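Just need the whole structure built from these sequences, with the hints factored in.
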Amino acid sequence: MELLPVSSSSNLAQTLSVPPVKANPSARDRFRALVNRVIKRNRACAAIQELVESASPEQGIDPRSVVADRRYGSRQAKCTIEVTHYSESRCRTANFTNSELVRWLGDNFPQRRSNEVRWINIGGISWDVIKALAIRYDLHPLSIEDVMTGARDKSFKVDYYTQHLFAQLTSYKLKSQVDEEAIQAAKRPPANSSSSFHINGRARANQRSSPMPPTLQLPAQDPGASPASRPKSLKSQSSSISELGRSTLAVVHPIAATSHSHSADENAIQVLKLQSGTLDIKSTRVFVFLLRDGTLISIHEEPNLHGAELREQLHTGSLIRSMEDVSMLFHGFLDLTVDHLIQISDGYHLAILALERSVLLKPTLAAVQTLHLLSGDIELLRMAIRPLQRIIYGLRRYDKERYRGLAISQESRANTTGFLSEETKIYLTDIYDHVRYVMLSLDTHSSTTRELISFTFNLTSCDSTNVMRKLLIITVIFLPLTFITQYFGMNFATMDSVQQHSDALFWKIAGPVIGTLILIALRNRLLKVILPEH
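For the sequence shown, this note's numbering begins at -7 and goes up steadily by one.
To be clear, the hints were calculated from the coordinates, so they are not data collected in a lab.
Just so it is clear, the structure is predicted and the values come from calculations on it, not from any experiment.
Watch out, some of these pointers could steer you wrong.
Claimed, not checked - What follows is a set of in silico ranges between Cβ atoms, one per label pair, in the way DEER data are often shown: (1) Arg378 / Glu293: 44 to 54 Å; (2) Leu357 / His493: 19 to 29 Å; (3) Ala69 / Ser314: 32 to 42 Å; (4) Ile506 / Lys354: 31 to 41 Å.
In this text, a Cβ means the ideal position worked out from N, Cα and C, and glycines have one as well.
Have a look at this one:
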């Protein structure tokens, strides 16, 4: 009988495959595991609840439904509310709080006089106010959804409904002064940032390394948060990360942001925009409801009221007040938006003129950088306001046809006049011309910035060519001198040119050679000096 060799202890343990003894989990570990299971179940329940509540046969937001109250009831804000009644003879204004407006829109709602126009101007978005307005004036659920959601949608649009006309406008305003606090805020790194680099890209001095390994930090989500606070789709998640759909324009909008979600590169670009002389433009959304009963509702997403110029015109007496036409008040909102765009276009014109002057006198890299930033902002703004031109043309040309398509009865289709009066359509032609002027101006500014950038690089290339030409002339002149110097510097034991002569022999040979080469290299310039052209 043959005996097998005994294997080592390690091989024996592997052969036997004895499982390691597991230690009993501590009370802290058991508690942590229990908490994680509860959190996962709460998140799953919240996701299922959101899917159930969002599965509605009707599109939009029904202000009378319990689901809408549950989803948007937590969105409360202190609004600035102003209700104006005006006619040709008088104009009166009343201020309300949120609760006062809700009571005013209740059962004892006062009727509007036949010769008056009612303007409800609201600064801020609060669910209690929006709900009361939607119930009183029977606002369409889709328009209510546009007001309550899509906070980053900076586009222009107009929707026709049977009850009213809904317009989403974006007000672009030019700030008169650059906010120094905004610059400093953009320079500051985020509070929870673990980056060891400044905005300019250089590492911080004496930066202590963290003993903890780098981890990917994600914002914590509250499992008990309302479904409205969480994005509903991948598109909404991406829009919450990037502001440049901001618009435009986010882009379009060069204001400093102090949000911790901005990276160091975004902050650096923000500081460059604010410090390089680009325009500081602020964009806000304005929602307008135009009703056929002579009422106009305007909602500004910020707490302050929109349309101070219109209020002054109503109190001082103007064409809007004398016509007693609510569509002319809507025309005033469009006109105010376009007037601000004209101011921005003029601001870009002045900035480009100043840069053109500096580029023609002395082109610098800073000027090219500013021109590049201006070109990007102008292009974004041009793309943002392009739908406005189409919208104004559609209001002027197809208002009656669009409302006729929404009319229910044959009699209303035959007698319909649309939301806009004929006088308002005439004045819309002037606004359409202004929008065309703004678009053409922005196209001109964009092409001018590109041409200035090309001119700067061409001039820099020409300067580099001149420098290389001068270096070539110097090389051609001193190359024979280098050869002669190397010849006289050779270490031969017997060399008559060195041992029997002084350095005078070197200069007797090098002098005529250098002089001849200088005359040959500079012959064109010397001929221009000696024989100037008449």
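Here is what the structure says about each hint:
Separation of Arg378 from Glu293 is about 22 Å and departs from the stated range, judged on CB atoms against 44 to 54 Å. As the Cβ distance of Leu357 to His493 is approximately 54 Å, the hint placing it in 19 to 29 Å is violated. Between Ala69 and Ser314, the C-beta spacing of about 35 Å keeps the proposed range 32 to 42 Å intact. Here the CB-CB span from Ile506 to Lys354 is close to 35 Å, well matched to the stated 31 to 41 Å.
Violated hints, in rising order: 1 and 2; the structure is consistent with all others.
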